[in-house]
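Using the hints, position chain B against chain A.
Residues per chain are reported as follows:
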Amino acid sequence: MGGSILTGIPYTWEEGLVIMGIMMVMLVIAIGLSVWKKIGIAREYTYALIRGGLQLFAAATLLYFLFEFEYWYYPIWLFLIAMALMGGYTSARRAGKMPKAYRITTPSILVGGTVVLVVLRVSGAMPYKPQFVIPLAGMVFGNAMTICSLALNRLTREFETNKPTLETMLSLGATPKEAMEEYGRMSIKAALIPNIDSLKTLGIIFIPGAMAGLLIAGTNPILAAEYQIIVYLMIIGGGIITSIMVIALSRRLLFTRAQQIAEWV
Amino acid sequence: MSILTIKKAKKLLGDARALRGLSLDLEKGEIISLVGPSGSGKTTLLRAMNRLIELDSGSIFFQGENITDMDPVDLRRKVVLVPQESVMLQGTVKENVQYGPKLAGAVGKCDVGRCLMDAGLSPKFAGKEAGKLSGGEKKRVALARALALHPEVLLLDEPTVGVDPRKVERMEGTILKFARDAGLTVVWVTHDVPQALRVSDRIANLKNGVVKEVKKAAEFRWEGAY
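Protein sequence lines correspond, in order, to chains A and B.
Going by the working numbering, the first residue of the first sequence is number 2, and it counts up by one from there.
Going by the working numbering, the first residue of the second sequence is number 991, and it counts up by one from there.
Only chain A is shown next, with the shape it has when bound in the complex:
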């Protein structure tokens, strides 16, 4: 695991731990600022970072062994399903008071992510090797989860603030689909804005993850940029599928069978 030659990173993993410790100062400063300014995110931020860090190390250990495993394609399915389930569960917590929101977040993330992975495989952009499948699946499912959370959070907020308008529409003979159409559109748009903004600033303000990784590993910059664009196309494609699905599926939870606004709203 001494890996500086393999990864292109100019230090060993033991030295990396020390550097990481030094970088923790940044976290302490951020949390200090949050407490000072009473932003109220210090606890959640710390928890998220510790949880995220531990998860990443666990995943890295798993990947290390998986990459060496001859029959890697068997456990990888479990890995992908676990990604979607975890994403669905995390995203559901952004749905406010909506009960059983995981019933819409999990299938939305699963379908959005899987469709994109299939396209990547069929197009030849993703060789069937764990080194490609796992990181790309992570990016796809991760982005699908973010978009799912943003779309659902916006939609539930729109419902809570516009309940009288929605009821007016229903009382004038609108179906739930017709009543929520505009709010659904707004939620999808709001969820995709971060992706669109990232696209606009690609290569100017920041070098995105996949390209940065390839550059560090010594890939030709043109090839790295090309791959990054492929990654972005699939991420946006998956995001659009996920957001459309989440809006369509949420109708079941936002309205009753008798086409009334659900009591929890």
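Source of the hints: derived by calculation from the structure; they are not laboratory data.
Just so you know, these numbers come straight off a predicted model, no measurement behind them.
Don't take every hint at face value.
What the hints assert, rightly or not - Pulled a few chain B residues facing chain A out of the computed Cβ check, cut under 10 Å:
1. R1037
2. S1047
3. E1055
4. D1064
5. R1067
6. G1090
7. A1094
8. M1107
9. A1132
10. R1135
11. A1136
12. L1145
Think of the CB as a built atom: it goes at the ideal place given N, C-alpha and C, for glycine as much as any other residue.
Below, chain B alone, put in the same frame as chain A:
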């Protein structure tokens, strides 16, 4: 002939028992007022008739058919609710009035000017931004929007609250004229008993989620204030 029949309607809203076995029969073409103190179940009953809420028990029949067996959209186009809060949809007055007919695929048959006049507004209002109107004007647009659906039953929840007091009787006259001409059944919720006496054929007095009495307006004796 009954157009709407409510049988032993019960509804719990949170911890409050809004309807406690309420029964009422509405005749076709009549104007009936529902009076009673706040919390007596008037608004809840209107919302149940429009099926914006479901009863916990009991039934409502429209033209003999249990409304739970009907398509809610069909029902809401026939039994139209004008809520107390006149929420304007985004766009112009014309777009608001056309909203229901457009969904029903009948926008071509919707005479916006006629609907506005029936609701007591000048057709010149059609091009105005609906959200910028005064409270009283919004009330009238909400009424015009309901009339555009050519309902069989009109459910009015405090239709003159917020209207300039000098214009209340004019608005009452406008609604009455339209309702009588169209043979419409009107359920008119009001706190204002003198208003109920002016506009109704019959008055139902609600208290604690049940109908205490139903009388012809001429026979209704009101004791005390709401």
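To see whether the hints hold, each was checked on the structure:
The interface hint given for R1037(B) holds, since its Cβ lies 9 Å from the closest Cβ of chain A, which is under the 10 Å cut-off. Because the smallest distance between the Cβ of S1047(B) and any Cβ of chain A comes to about 15 Å, over 10 Å, the interface hint for this residue is violated. With 10 Å as the threshold, the beta carbon of E1055(B) stays out of range of chain A, its nearest partner Cβ sitting at about 15 Å, so the hint is violated. Below 10 Å, beta-carbon pairs count as interface contacts, and D1064(B) has one with chain A at about 8 Å; its hint therefore holds.
This hint holds: R1067(B) has a C-beta 4 Å from the nearest C-beta of chain A, less than the 10 Å allowed. Checking G1090(B) against chain A by beta carbon gives a least distance of about 4 Å; that is within 10 Å, so the hint holds. For the restraint placing A1094(B) at the interface with chain A, the shortest Cβ-Cβ distance is roughly 6 Å, inside the 10 Å limit, so the hint holds. Because the closest C-beta pair between M1107(B) and chain A is about 20 Å apart, greater than 10 Å, the hint is violated.
Because the beta carbon of A1132(B) sits about 8 Å from the nearest beta carbon in chain A, less than 10 Å, this interface hint is met. Of the supplied interface hints, the one on R1135(B) holds, with its beta-carbon coming within about 7 Å of a beta-carbon of chain A, less than 10 Å. This hint holds: A1136(B) has a C-beta 8 Å from the nearest C-beta of chain A, less than the 10 Å allowed. Taking 10 Å as the C-beta contact cut-off toward chain A, the hint placing L1145(B) at the interface holds, the least distance being around 9 Å.
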